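First to last, the protein sequences are chains P and A. Those letters in the first sequence? Residues 1 to 289, by the numbering used here. Those letters in the second sequence? Residues 1 to 275, by the numbering used here.
Because the hints were derived from the structure by calculation, they are not lab data.
Label pairs and their in silico Cβ distance ranges:
1) K42/A with D70/P: 41 to 49 Å
2) G34/A with K33/P: 30 to 38 Å
3) V53/A with H263/P: 44 to 52 Å
From a predicted model like this one, the values you see are computed outputs, not experimental measurements. Yeah, the Cβ is synthetic: ideal placement off N, Cα and C, and Gly gets one too.
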Amino acid sequence: MVLADLGNKITNMLNTIATALLMSDVDVKLVKKMQTEVKEQCNIDEMASGVNKRRMIQQAVIKALTNLLDSKKRPFKPKRGKTNVFMFVGLQGSGKTTSCTKLAYYYKRKGWKVILICADTYRAGAYDQLKQNATKAKVAYYGSYTESDPVVVAEKGVNIGKEQKYDIVIVDTSGRHKQEEALFEEMQMVHKAVDPDEVIFVIDSSIGQAAKGQATAFQSSVDVGSIIITKMDNKNTRGGGALSAVAATGSPVTFIGTGEKMHALERFDAESFVGQLLGMGNLKGLMDV
Amino acid sequence: MAKNVAVDIAEKIVDSVCTALIGKVVGTFGTVRGVVKEAVEKALTRILTPKRVINILPEIQAAKRKGRPYVITFIGVNGVGKSTSLAKVCAYLQSKGLTVSIAACDTFRSGAVEQLKTHTRCLEARLFEKGYNRDAAGVAADAIAEAKRLKDDVVLVDTAGRMQDNTPLMRALAKLVAVNQPDLVLFVGEALVGNDAVDQVSRFNQALREYSTAKNPRLVDGMILTKFDTIDDKVGAAISLTYVTGKPIIFVGTGQTYSDLKRMNVKMLIRMLLR
Ligand SMILES: Nc1nc2c(ncn2[C@@H]2O[C@H](COP(=O)(O)OP(=O)(O)OP(=O)(O)O)[C@@H](O)[C@H]2O)c(=O)[nH]1
Ligand SMILES: Nc1nc2c(ncn2[C@@H]2O[C@H](COP(=O)(O)OP(=O)(O)OP(=O)(O)O)[C@@H](O)[C@H]2O)c(=O)[nH]1
Ligand SMILES: [Mg+2]
Ligand SMILES: [Mg+2]
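One chain only, chain P, in its complex shape (with noise of 0.2 Å):
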């Protein structure tokens, strides 16, 4: 009698760290296996008496996400003595001009001499946009007014950070979805083209439910090598669908973009991501029920 009621109260916390996990934009199907996964860890029968179950089941629900947000795959560190490429891709509007300059800003600061190489060719005003943060950001820059390849002008450009010996040359690409094939493919080319050390994914902390098959998609098509997450700044935000990206694409995190500025870049810390994704302040409290 006791057991069960004991059984019954779990299942309803498990259920409102659910509601938590899918206000939070968690995918639906990761937040059940979740569910299932911390239903076996916490094994009511085994638990010792005495244990605090609450505190057990909210550590393994931690444990479990920040699993999720630790890649296996180390994402790329610059080497010295050589030309060093990053390309960004990702959704429209998710950030990555923006996240661009934040990094050629890091690394400038750090020593780096780095050149912002602008292949979207696609978006109005895309060039002046870049321009204008390599200006503000003291960095080198290149692209084309004329030019409609992004293919041609990202090659040109990778090619002189080579021949000028930049040590660390981003290529900026202009938004896609995986609906649009074209999109696509031209990304596989400018991709074959630059021929990056690391193509780093760009994905708004805001995104719903759509985050994992996009991600998905960017992932299958274009080996992601590391993962930059924009907009943590809003506080409302809590990146479950971020989040969901991540785990779909088994790419770390490296950094969050904490602002319009360049200098709002941040190193990704998983335990505090964690901690707004279940918007610890509420949960806190539920779990106090």
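Given chain P's structure and the hints, the job is docking chain A with the ligands onto it.
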């Protein structure tokens, strides 16, 4: 929820469907599933059917008779597609024979002015711009005055993207709206967004109400939902946004070219949602 409807709102819909179903006798021929589906469809149609119908074209004509341009302001968080949607609306209005000018009031983000410059060049519309780091409300006022002088039918005001919890920027937006009293305030949201959609639109509305200096603050009148082409059948953001605002989705963005602007089709949306 797998279709990206916000959790709270999904629950409310379920509640209302349950209430509607209580006491209903399942007829001999109807299956339970059928009855439930019908009730859900009804609830969704109710949510998605606007209370106030907005007919821009007659409203523009009415403003014209008063000898002033009709002003539409586009607002929303960063990168959702405000400027692109504005360009699409410009093309749409031009196709109806109207003269349109665009006010470049995103004086913050790099390339924002040049982005509009490119669009106005393609569309042969007039651009009013004062460069960067200007007071957006002032630029809008000048643009509207200029449009009045040159007898434009419509002025489309672009604004910088901002996070809904960024108080200084939200204040600045409320000022722009209060000072210029646009005829239509359009909230631009993206179909990709998850549970944050609800918070976004309610906080924009709240800011327009609370930070406004005007006696009768202008709130969001309608919405544009962009990037509909990127979400397969995960169309839930439409439900969440309409549910919280009670305001109509006037256009849906379905791509990156000028013609990718569609009127919202409630039936089609519900079909996708229940598929
Ligand atoms: N608040 C905030 N805004 C951001 C952040 N990162 C980018 N943005 C804003 O998001 C908007 C879109 O950013 P872009 O860098 O132009 O996005 P993009 O992915 O290059 O867009 P496309 O090239 O059109 O696909 C801009 O208004 C940026 O200022 C961030 O971390 N925080
Ligand atoms: N696929 C798709 N892309 C869109 C749609 N609407 C806009 N975009 C793209 O989204 C990106 C951002 O669009 P913008 O119009 O610059 O967004 P914004 O809201 O003005 O951005 P900020 O001014 O930086 O806040 C661009 O790459 C657009 O081409 C749409 O309906 N479908
Ligand atoms: Mg860009
Ligand atoms: Mg814009």
